[in-house]
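> Chains as they are written, first to last, in this note's numbering: chain A, 1 to 135; chain B, 1 to 135; chain C, 1 to 135; chain D, 1 to 135; chain E, 1 to 135; chain F, 1 to 135.
Hints are not guaranteed to be accurate.
Heads up, simulated DSS-like pairs for lysine-lysine below, C-alpha to C-alpha not over 25 Å straight-line [what the hints assert, rightly or not]:
no.: 1; chain 1: A; residue 1: 54; chain 2: D; residue 2: 44
no.: 2; chain 1: E; residue 1: 54; chain 2: B; residue 2: 47
no.: 3; chain 1: B; residue 1: 47; chain 2: E; residue 2: 44
no.: 4; chain 1: E; residue 1: 44; chain 2: B; residue 2: 54
no.: 5; chain 1: C; residue 1: 47; chain 2: F; residue 2: 44
no.: 6; chain 1: E; residue 1: 54; chain 2: B; residue 2: 95
Across the chosen pairs, the derived CB separations fall in these ranges [said to hold, decoys possible]:
no.: 7; chain 1: A; residue 1: 17; chain 2: C; residue 2: 10; range: 26 to 36 Å
no.: 8; chain 1: F; residue 1: 100; chain 2: E; residue 2: 10; range: 38 to 48 Å
no.: 9; chain 1: D; residue 1: 65; chain 2: C; residue 2: 51; range: 26 to 36 Å
no.: 10; chain 1: B; residue 1: 128; chain 2: A; residue 2: 17; range: 19 to 29 Å
no.: 11; chain 1: D; residue 1: 62; chain 2: C; residue 2: 60; range: 17 to 27 Å
no.: 12; chain 1: E; residue 1: 131; chain 2: D; residue 2: 65; range: 36 to 46 Å
no.: 13; chain 1: F; residue 1: 26; chain 2: C; residue 2: 58; range: 24 to 34 Å
no.: 14; chain 1: C; residue 1: 51; chain 2: B; residue 2: 24; range: 55 to 65 Å
no.: 15; chain 1: F; residue 1: 29; chain 2: C; residue 2: 9; range: 44 to 54 Å
no.: 16; chain 1: E; residue 1: 24; chain 2: C; residue 2: 60; range: 51 to 61 Å
no.: 17; chain 1: B; residue 1: 128; chain 2: E; residue 2: 24; range: 51 to 61 Å
no.: 18; chain 1: D; residue 1: 65; chain 2: B; residue 2: 24; range: 32 to 42 Å
no.: 19; chain 1: A; residue 1: 17; chain 2: D; residue 2: 59; range: 17 to 27 Å
no.: 20; chain 1: D; residue 1: 65; chain 2: C; residue 2: 25; range: 32 to 42 Å
Think of the hints as simulated: they come from the structure by calculation, not from any bench. Using N, Cα and C, we set each Cβ at its ideal position, and we do this for glycine too.
There are 6 protein chains.
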Amino acid sequence: MATVRLVTDDEACDEVRAVFADIRATRGTDFINNFWRALAVDPKRLKSTWEEVKDVMVAPGELDPLTRELIYIAVSVANSCSYCVHSHTASARAKGMTEGQYGELLGIVGLAAKTNHIVTALQVPVDPEFDLARG
Amino acid sequence: MATVRLVTDDEACDEVRAVFADIRATRGTDFINNFWRALAVDPKRLKSTWEEVKDVMVAPGELDPLTRELIYIAVSVANSCSYCVHSHTASARAKGMTEGQYGELLGIVGLAAKTNHIVTALQVPVDPEFDLARG
Amino acid sequence: MATVRLVTDDEACDEVRAVFADIRATRGTDFINNFWRALAVDPKRLKSTWEEVKDVMVAPGELDPLTRELIYIAVSVANSCSYCVHSHTASARAKGMTEGQYGELLGIVGLAAKTNHIVTALQVPVDPEFDLARG
Amino acid sequence: MATVRLVTDDEACDEVRAVFADIRATRGTDFINNFWRALAVDPKRLKSTWEEVKDVMVAPGELDPLTRELIYIAVSVANSCSYCVHSHTASARAKGMTEGQYGELLGIVGLAAKTNHIVTALQVPVDPEFDLARG
Amino acid sequence: MATVRLVTDDEACDEVRAVFADIRATRGTDFINNFWRALAVDPKRLKSTWEEVKDVMVAPGELDPLTRELIYIAVSVANSCSYCVHSHTASARAKGMTEGQYGELLGIVGLAAKTNHIVTALQVPVDPEFDLARG
Amino acid sequence: MATVRLVTDDEACDEVRAVFADIRATRGTDFINNFWRALAVDPKRLKSTWEEVKDVMVAPGELDPLTRELIYIAVSVANSCSYCVHSHTASARAKGMTEGQYGELLGIVGLAAKTNHIVTALQVPVDPEFDLARG
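With the hints as constraints, model all of the structure from the sequences given.
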């Protein structure tokens, strides 16, 4: 149960329709997932968020699309966003993530969380060797 | 200032010395960063943690070493571990991360955090399409 | 499914009954939401928590009741508390939150999360200009 | 110590100069805080982030500028972003936050964090009364 | 709905079967909870994680088994892991946690979260008296 | 650098003086750590927070004082509160925490964080066996 109504295609205003159309064209599928239907209650934010997703996750760049999804999953796990974990794990699989890669992702996320917590417990001081200005 | 003493090479017991030697051999550098010197107050945990780091971050696998570091940074940022952000950003640079890749990482981490929070605010229900069992 | 039984009106001991009565009187409704029914397994903590909620969220102050709810939602989102997001979004609506205000709240929470993460990734040093002692 | 160089005015390229000029004009001060100088290593992200800040925090809307800062502080606290807490507390003071309002903010943030954690510990089920669809 | 299939006893490969058998023997129950059935998609990680759980939570040590569970619950609450809260609250009860102890745990977790957030809001500087080196 | 002035003994108003005196008497030391000096800018909140600390951390109960500190540290680590980690690690040592116990605490906190993240990544469904109502 969401805190807002999910906007169906029939209820969508012109601005929302245009974004939904662009999502469909960009992804090559008719499926619009619930995040966009919820965000559609605020058409301006829907549009700016989708533009940012296209820019960060879809546009050509130095990181390949699957690597971007793995990073997205990692942040979503650490922020405990259940929906985001589901949607980006599905995206990663659609982009070719193998079970081996997924297992390694789990290993890294788990290890990072463990050492993050141990470092914070120990309050380890930053080594001066990490200072860029020394390079 | 740490919550424990940092163990110097001179103070290290045999078990710690052996781990420090393996870190140096594995990384091809004499530098032992403060995380290991702090963890060395508990030699058994030092050893098991280093073994896990070697297994997850160093051993051959399907994800390349730089991608692993990017995922590690992402988790460390979301868990707000200052030391870990410094040490793994330095590692990523040592493994060839370009400024362009770093900029894209910032973009993905920032966008993921933003949508994680908006999704949690909206309490978006998980789409049944994400269910593996439907595949 | 909770980790404790939810206490019904019939099961409530005298101390719990008194708190439930005060919640109803203060809010002008017969409805007692599940948080209080769960907390009622520990009557002393139920009472002290309700007193704190009355003091912080209900008593007259310099921040108006709706602003207080918006801040509460923001913290609850960042702490990923699904129940709290639902209950305080409902409270904010009951206190007059408009859809426009809600959209702006989403925008601020999303932007703050994004910049929080980017700042942590960049480890930006605090400007001396922010020091109160300079004022 | 940041993970990137902070860009000085002299080092700024044209794109960065234009953003810095707009920050100065918008805020009516010559001061550019370190966040923007760090982000300036990625001029495109600097520009898009500043545009989002202007849109969300500066443009006219239904929430007044001080309320927006209080919400920003709340999220930054919960995400444990030290720099962001400093910069937005300074902004809130510059926008007229009184000590009384600040004390109330602390009270709400502290209470929300406390109840967020207790609710998560108790795994309280969401009341059907919070469902919008019942309204 | 999980992001992976849960492995049943019938589907388990030999490596998974061996871990399941050890879980059953160690705990003295036939019940294998879903965490292990999900992790079983990656037999090597299943094994190493179970070994770590046995080492940290089961092996003799200076902290008694119930205290270990209370600490585990506290971390799981702060990291907002719903499943972990359920499973470790059940474990703590199985190890004899009384309702009085549980109430005190809620009180500590709630108070710690509240002061954590207030301290972060106030950016309180660490007292030199906390420095071990002064001792 | 704090976001507020730290209140010295000389600057303290009567209400603050009374709380400081009670902290000193309760703890049997003249030392007042910075958290209380920062919170003293809001005397009412200082008093109520100290009362809660006394009630939760000092008053007789079923959990011994050291166990309470270990739980407090665990939450503070997961919430990434550097000051709180320092102050409560010092408190735990003052209450007799051994290096062996501290090492076990690190092990539990690290393991919990790791499994919390892996469980969230896998979105493991809660076992019906954990339901109290089945008991």
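> With 55 to 65 Å as the target window, see if residue 51 of chain C and residue 24 of chain B comply at their CB atoms.
holds, 58 Å
> Given the range 26 to 36 Å, decide if the beta-carbon distance of residue 17 of chain A to residue 10 of chain C lies inside it.
violated, 52 Å
> Verify the proposed pairing of residue 54 of chain A with residue 44 of chain D, using a straight-line Cα cut of 25 Å.
holds, 15 Å
> Take the C-beta atom of residue 65 of chain D and the C-beta atom of residue 51 of chain C, compute their distance, and say whether it sits inside 26 to 36 Å.
holds, 33 Å
> Take a look at whether the Cβ-Cβ distance between residue 24 of chain E and residue 60 of chain C falls inside 51 to 61 Å.
With a Cβ separation near 60 Å, residue 24 of chain E and residue 60 of chain C satisfy 51 to 61 Å, so the hint holds.
> Do the Cβ positions of residue 65 of chain D and residue 25 of chain C conform to the proposed distance bound of 32 to 42 Å?
At 36 Å between Cβs, range holds.
> Has the given pair, residue 54 of chain E with residue 47 of chain B, been kept, meaning a C-alpha gap of at most 25 Å?
holds, 17 Å
> Are the Cα positions of residue 44 of chain E and residue 54 of chain B separated by 25 Å at most?
Roughly 15 Å separates the two Cα atoms, so the pair holds.
> Please check whether residue 29 of chain F and residue 9 of chain C have a Cβ separation lying inside 44 to 54 Å.
Cβ of residue 29 of chain F to Cβ of residue 9 of chain C: about 47 Å, so the range 44 to 54 Å holds.
> Residue 54 of chain E and residue 95 of chain B were given as a pair; does the straight-line alpha-carbon distance stay at or below 25 Å?
It is violated: about 35 Å lies between the C-alpha atoms, which goes past 25 Å.
> When you take the CB atoms of residue 17 of chain A and residue 59 of chain D, is the distance between them in 17 to 27 Å?
holds, 25 Å
> Between the beta carbons of residue 65 of chain D and residue 24 of chain B, is the distance compatible with 32 to 42 Å?
violated, 54 Å
When each numbered hint is compared with the structure, violations occur for hints 6, 7, 17, 18.
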